[in-house]
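S.K.: Next come the chains, spelled out residue by residue.
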Amino acid sequence: MSKLTLNALTKSIWVFHAACSPCNNCDIEILDALTPKYDLERFGILLTGSIRHADALLVTGVPNMKTAKKIKYLHQQMPKPGVVIAIGTCACGGNLFRHSYNFVKPLDEIIPVNAYIPGCPPKPEAIIMGVVKLIKALKGK
Amino acid sequence: MNCYMPIVNYLIFPGFLFIALCGIFVSYIDRKVTARVQWRKGPPVLQPLYDIIKLLGKETIIPAGVSKTLFLLLPFISVCSIVLLATMRGVILNWPGEPFIGDLIVCVYLMTIPAICLIITASISKNPLASIGASREMKLILAYELLFVLALLVPVIKSGGKIIITEIINYQVAYQPVVFSISGIIAFLCAILCLQAKLGFVPFDIAEAEQEIMSGVVIEYSGFTLAAFKLSRIMMLFVYPMFLVKLFWYGKTATLFGDIISFGLKYVVVLVILILLKNTNPRIRIDQAIRFFWSYGLLLGVISVILALVGL
Numbered sequence: 031m032s033k034l035t036l037n038a039l040t041k042s043i044w045v046f047h048a049a050c051s052p053c054n055n056c057d058i059e060i061l062d063a064l065t066p067k068y069d070l071e072r073f074g075i076l077l078t079g080s081i082r083h084a085d086a087l088l089v090t091g092v093p094n095m096k097t098a099k100k101i102k103y104l105h106q107q108m109p110k111p112g113v114v115i116a117i118g119t120c121a122c123g124g125n126l127f128r129h130s131y132n133f134v135k136p137l138d139e140i141i142p143v144n145a146y147i148p149g150c151p152p153k154p155e156a157i158i159m160g161v162v163k164l165i166k167a168l169k170g171k
Numbered sequence: 005m006n007c008y009m010p011i012v013n014y015l016i017f018p019g020f021l022f023i024a025l026c027g028i029f030v031s032y033i034d035r036k037v038t039a040r041v042q043w044r045k046g047p048p049v050l051q052p053l054y055d056i057i058k059l060l061g062k063e064t065i066i067p068a069g070v071s072k073t074l075f076l077l078l079p080f081i082s083v084c085s086i087v088l089l090a091t092m093r094g095v096i097l098n099w100p101g102e103p104f105i106g107d108l109i110v111c112v113y114l115m116t117i118p119a120i121c122l123i124i125t126a127s128i129s130k131n132p133l134a135s136i137g138a139s140r141e142m143k144l145i146l147a148y149e150l151l152f153v154l155a156l157l158v159p160v161i162k163s164g165g166k167i168i169i170t171e172i173i174n175y176q177v178a179y180q181p182v183v184f185s186i187s188g189i190i191a192f193l194c195a196i197l198c199l200q201a202k203l204g205f206v207p208f209d210i211a212e213a214e215q216e217i218m219s220g221v222v223i224e225y226s227g228f229t230l231a232a233f234k235l236s237r238i239m240m241l242f243v244y245p246m247f248l249v250k251l252f253w254y255g256k257t258a259t260l261f262g263d264i265i266s267f268g269l270k271y272v273v274v275l276v277i278l279i280l281l282k283n284t285n286p287r288i289r290i291d292q293a294i295r296f297f298w299s300y301g302l303l304l305g306v307i308s309v310i311l312a313l314v315g316l
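Protein sequence lines correspond, in order, to chains W and R. Each residue of the first sequence is one higher than the last, beginning at 31 in my numbering. Each residue of the second sequence is one higher than the last, beginning at 5 in my numbering.
The shape of chain R in the complex, shown without the other chains (with noise of 0.2 Å):
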């Protein structure tokens, strides 16, 4: 029976068909929202549901000199990549006493793996116009990222240097969650604008401007291949802010029923709050992007991180 356990907890529970249900379920809610602050109506319910099961249908071009195996293989790497952060995350959560020390560091790389296989497919694609989205991606990695650990930081500080999502979350369950300390709720603000551009949204979808370089980094995606890469930003838009949320934003209630609304609350706060970023947005450039990270950003981080460890 144990040996099966991490087999179901990968494929069923928090898992793979966990994530891609309650993806399905919150990226009609980005699109409905998005919809309304537009004043349409907007899709319905199963729409998300419908394009994939349409794009599963479809058939599979692969452009003629590009490697097969690479070009089929890297969309499912980086939806294998978002469930086992999943999986981790939703073991650590429900059967606590297996962490390990670190991590935290495992899901901050595992996060970052669906950017880097979006950069080596569009490179070998073969089209001009992924070649300009993967190094566009390139420099949004290298903008966002060390602003992303920056923040990610002072929860570690503030639980006093433990690099264990469990210990931090203790730690918040004893004391307060870390979002309600002045450094916290400066750190909160960076990672969601990290997560913004990790989402690939609006002020930060340079690397896949439609109107410009028309998809840039997916241009040559389609059918199955184009059904994973839409079902791993799916799971993103699921996975990435309840990562956040137990990092930052973590509390316990009576029940386990009460844990689950106001976690779920929480989700949705921070969900509307990135929808409302992407619609109220224009698309930046990609040097205005990296000198807003730089710059200001980065000031942010590292004045959050100083607070937090003067123990603002």
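With the rest of the complex left out, here is chain W (with noise of 0.2 Å):
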């Protein structure tokens, strides 16, 4: 990846918001993240309809039996270079569900995860650190 492209891609992150069968809390924090009061678009940060137009996809929740195989199929779907985040403790590690019958793998052995963010569910201000942190190793800093 060029320089240039690095800096513009740091610069306007466009995230989708991929639910993978979570309880809600994690999703209502998301769109808690993006309201004006945080401002993403202050960082070029801004939420899109289409995984097409992604940058980064933003997976809540466990991965089931369901899930998995469409959460691995958003992932084929999304252009290169971008990034997964797992946000909450169930994406990044299954939390109390994680000797479920219906659980598969954790998220990161599906697809590669750039970013963690535990918490349950994160506060907004979580949120926008760990993707501050992320910007961060991109640039290689």
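Hints are all accurate, no fakes.
Only pairs whose alpha carbons sit at most 25 Å apart, straight line, appear in this in silico PhoX-like list of lysine-lysine:
id : chain 1 : residue 1 : chain 2 : residue 2
1  : W       : K41       : R       : K45
2  : R       : K45       : W       : K67
3  : W       : K110      : R       : K234
4  : R       : K130      : W       : K100
5  : W       : K110      : R       : K72
6  : R       : K36       : W       : K41
7  : R       : K130      : W       : K102
8  : R       : K234      : W       : K33
9  : R       : K45       : W       : K163
10 : W       : K135      : W       : K110
11 : W       : K135      : W       : K99
12 : W       : K153      : R       : K45
13 : W       : K67       : R       : K36
To be clear about the criterion: a stretch of chain W counts as covered by chain R if any three or more of its residues have a C-beta under 8 Å from a C-beta of chain R, and this derived list gives those stretches:
id : segment
14 : 62-72
15 : 81-90
16 : 104-110
Worth flagging that the hints you see were computed from the coordinates, not collected in a lab. Yeah, the Cβ is synthetic: ideal placement off N, Cα and C, and Gly gets one too.
Put the complex together from the two separate chains, hints included.
M.R.: Right under this line is the structure:
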């Protein structure tokens, strides 16, 4: 990836919100992070409707028998370069559902995950901090 | 030298580079004002430029079973038609003496081409949501196009039935801008409403309703095709209101500098009207849009044409 593309990419991250059977708390916190109070458009972060436009895939919830296939398919549909951010303890490692009968694998064994934001649910501040750390890591600082 | 001028005009001055840069700035104004209306801070100045550079650097996915040529070509046809429109107008304004009869009609056609490109790309992209978007865009064109042509008839009638942009401009310089008459102001408002639909701004963004059909018509675009699409949207935001200002509200001052300033201010007024309409309205359904344009809209349009024929 050239330096110009990387700079432009980190200044304009369009996110796609993929709910992978969550309990909805993390989804609500993601929507909170996108409200005018935190104003993520300052950093060029926008919510897009289509995975084809997205640079970051925000995954919430535990991948189960049905959603594990779909999240993999969704990741293949995303134009590269793109990143995956696991939001919430469920997406990071399964939380209390990890011994459940419908638990397939942790998310990072299905698709490559670039950033983990634990919390049940993580606060909007935590999500923003995770994204900032991810941008720094992408830039190699 | 002379044979290179059209190419320079097309690619640099009134054409591609100029309107792309101005469009990027104008699109920043749009996003900033939207942010301020929503009590936010808003993006940095170069944000639209970052978006486009990022999209150019990304992978372009062509869905399986889709005609590659059409899918890749259509966004560029839409950009080219807008650049052609801007070049024609710019050349006519800066170097008068080479107008041709009916250039207004050509401009109206060129303004429709981006929407038609969208419809074709959405229909060939083999996505159910894109086809919904395409059908909505088609209905929307049928809804607003008649009113738009009626509104453009008013300056034509005022200038004595001339369908040459230079003649309309000359009329406005000699007498008064079209917008300062009763029929003119009604037609101008109608044209602004149509522009809102042409630009895909909020009360009429039915074809690409993001929350409802996931950006509908453009759902399968990615990478540089999406960049071309965004660029054409950005250029439209600069070119279309300029076109209206030129037809309805053209005035001359003593100096060239004064001309540019007054022209820019008028453009900003139109732009702010568009942005405020966008931010204070909810999205309407496609049947409501058609009903609105074909009842109230058409009524206003016919009234303004009749008033113009009477001479008001």
